[in-house]
Amino acid sequence: MLKKAIAGNRQAQQTIYEKFAPKMLSVCRRYIKDVQFAEDVMVNGFVKVFKNLQAFEHRGSFEGWIRKIMVRESISYLRKKQFVVFDDEVFEKNQVLSSEHNSILDIEHVQDLIDSLPEGYKMVFVLYAVEGYKHHEIAKMLKISEGTSKSQLFKARKMLQENLKLKGISSRTKSRGN
Amino acid sequence: MDKLEKHIREKLQKREIEPSMDTWNKIEAQLGGVESKPKNGKVYWYAIAASFIGVLLVSIVFFNNGLENESVIQVVDVVKEDSSNIKPEKKLQNKTSSVEETVAQETLSIPLKESKKEALKFEAPIKNDFVLNDYKEKEVLVEEKIRSGEQELFDNKLNQLLKTVVSMEQRNIAVTDAEIDSLLMTAQRELLTDKVFQENGKVDAMALLNEAEDELDRTFRGQLFEKLKDGFFKVRTAVADRNN
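So the protein sequences, as listed, match chains Y and R. Take the first sequence: its letter number 65 is residue 65 in our numbering, and every next letter is one higher. Take the second sequence: its letter number 234 is residue 1234 in our numbering, and every next letter is one higher.
Check each hint, because a few of them may be wrong.
Reference excerpt, derived from the structure (chain Y facing chain R, CB under 8 Å, subset only) [stated by the list, open to error]:
no., residue
1, Arg10
2, Lys19
3, Lys23
4, Ser26
5, Val35
6, Glu39
7, Leu105
8, Val110
Label pairs and their calculated CB-CB ranges [as the list claims (entries may be wrong)]:
no., chain 1, residue 1, chain 2, residue 2, range
9, Y, Glu137, R, Asn1025, 20 to 28 Å
10, Y, Lys19, R, Ile1048, 35 to 43 Å
11, Y, Lys140, R, Ile1060, 55 to 63 Å
12, R, Ile1048, Y, Ile107, 48 to 56 Å
13, Y, Lys68, R, Asp1002, 23 to 31 Å
14, Y, Lys68, R, Phe1062, 49 to 57 Å
15, R, Ile1053, Y, Leu2, 31 to 39 Å
16, Y, Phe154, R, Asn1025, 38 to 46 Å
17, Y, Arg59, R, Gly1054, 39 to 47 Å
18, R, Gly1054, Y, Glu146, 54 to 62 Å
19, R, Gln1013, Y, Ser76, 20 to 28 Å
Simulated from the structure, these hints should not be mistaken for laboratory data. For clarity, every value in this text was computed on a predicted model and none was experimentally measured. Just so you know, even glycine gets a beta-carbon here, dropped at the ideal spot from N, CA and C.
Please build the complete structure, drawing on both the sequences and the hints.
Here you go:
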């Protein structure tokens, strides 16, 4: 299948697209709040995938290779379309989330929490906590220092805790109200 | 915090979002030129191969031309050698028969040279001029030698005729124009025979051809007649003076 896709077989390429598109749109959606824009980014990402299929060296998984392309494309989109700020403001409060809150978080709530983060925090948090990149890798990708990457992660965590606390309160309020 | 991040990671990694229906069409539209990219690559390689073959052909043609030019030079050298070989022979041999033999050789060699000239006409006109000039020089030389040979024959024959006329005059036989004409015809035949059958027994092709045509140059006959008459009057005057 992959060989056919490399040779330019359109049917093979479509099969690959249909297999990975839902996952890849989800990847793009983690970074980009608007699903339509996320879809546009995914389209550009797949075009790059199929144009550079011969560059895939079969070392890692094919899905991981596509995922990297999607992540880079999403970051590139955010850098082009939005003003990404990696501010150094440090949150003094250090709140700990309770397991009670975790139990009520479905995927929509998780996505809302992520979307509520500023772009700089969000990118570092998703890259580190969700995609599994190291700080030096993140620093290289975002062209920032490792220290900035670490501070952005720290701030992202604090903001998530605050937002989750608010949502948790909101959830409880709702449940209590119901 | 670790539990929260783990929970977020699990939720996000399991999540799948179905793209809209026309998304593939957008990708396909953008890939339109990509599918032909390998073909373009092939065309690129074909172009390189074609240009290489073209250069090869041009070089072959170029080097072939060079070889032909070399062969032209060789041909010219051969011609010059022939002419140089022929000239000393002609200078050494004063006899008519050898001259005529040379003429025959030249006659045979002319078509060969002309064919060579035709072959070389489009390639080396300057060298052709050399060949032509060389040929013309040889032709003039051969003609001069033929003329000298003919003149010698002619003079011998004239002396014989004069002797005959003088002997007739001494025997008081009337010499009329008809008799002189018959003597001339006899001399003509003898001349032709001498030309055709050479001393070494060979047959001269050109003389034979002339005999076959049976045509003697009128100017030659008239010239012979005038000289004969002139000689006859001189002899008659000398005989009259001696008698007186």
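Hint check for Ile1060(R) and Lys140(Y) - Cβ pair distance inside 55 to 63 Å
56 Å, holds
Would you settle whether the hint for Leu105(Y) is holds or violated, based on the nearest Cβ-Cβ distance to chain R being less than 8 Å?
6 Å, holds
Per the CB criterion, is Val35(Y) less than 8 Å away from chain R?
7 Å, holds
Are Lys19(Y) and Ile1048(R) spaced within 35 to 43 Å by their CB atoms?
Because 38 Å falls inside the window, the suggested range holds.
Given Lys23(Y) as an interface hint, is the shortest Cβ-Cβ distance to chain R below 8 Å?
6 Å, holds
Under 8 Å is the threshold here; is the Cβ of Arg10(Y) close enough to any Cβ of chain R for the hint to stand?
Holds, about 6 Å.
Look at the Cβ atoms of Arg59(Y) and Gly1054(R) and judge whether their distance stays inside 39 to 47 Å.
Roughly 43 Å apart at Cβ, these two residues keep to the hinted range, so it holds.
Using the beta carbons of Lys68(Y) and Phe1062(R), state whether their distance is inside 49 to 57 Å or not.
55 Å, holds
Between Glu137(Y) and Asn1025(R), does the beta-carbon spacing fit 20 to 28 Å?
35 Å, violated
Tell me if the beta carbons of Gln1013(R) and Ser76(Y) are separated by a distance inside 20 to 28 Å.
The hinted range 20 to 28 Å holds for Gln1013(R) and Ser76(Y), with Cβ atoms some 22 Å apart.
Under 8 Å, Cβ to Cβ, is where Ser26(Y) needs to be relative to chain R, so tell me if that hint holds or is violated.
Interface hint status for Ser26(Y): holds (5 Å vs cutoff 8 Å).
Cut-off 8 Å, beta-carbon criterion: hint that Val110(Y) touches chain R:
5 Å, holds
Hint compliance for this structure: hints 2 and 9 are not met, and every other hint is.
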